[in-house]
Amino acid sequence: MPFQTPTVVLTPAQLGDAEALVALRIEAMRDSLQRIGRFDPVRARDRFLSGYVPQHTRHIDSEGKRVGFVVVKPQPDVMLLDHLYIHPAHQGKRIGAAVLARVIEEAAAADLPVRVGALRGSDSNRFYLRHGFGLIEAGEFDHYYLRPCASPA
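Just so you know, we're using this note's numbering here: the sequence shown kicks off at 4 and counts up by one.
Don't read these hints as lab results, they were simulated from the structure.
We put the beta carbon where it would ideally sit given N, CA and C, even for glycine.
It cannot be assumed that every hint is accurate.
[As the list claims (entries may be wrong)] Per label pair, the in silico range of CB-to-CB distance:
# : residue 1 : residue 2 : range
1 : A112      : V45       : 17 to 27 Å
2 : E22       : G67       : 18 to 28 Å
3 : D34       : P79       : 19 to 29 Å
4 : Q17       : R133      : 28 to 38 Å
Produce the entire structure from the sequences given, and follow the hints as far as they go.
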């Protein structure tokens, strides 16, 4: 039986959604940050809230449940995938892949490559490599990837 791509609905976030998004981000990053000894929920909260822009943020709903969020910030020469978090209870169900495919389609329509950063040691590094991203920079705590512009379908 072939694995089906999940149905994913992206809905705009509102200013008042910030605290719920922060809680989801902290839960999604907890294991990765603990592995490298950098889990600090206060720092994670402050870092997210300092750059929160509701108009670039969308909730991810799948099978009638809110399971994550994505933040895409268009820039003049690149589409910045600033955040993509799926609640740990819903990871491994291809939801992130479906959202990433949508982001790549949007970037292709704008004729832009996609840039993303991932915490060093996080499983997300393999995820981005599997989806056509190439490593462009390795920092002390993060790796940065670029996916060249794909032709619109």
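*What are the numbers of the hints the structure violates, in ascending order?*
Numbers 1, 3 - these are the hints that the structure violates, sorted from lowest upward.
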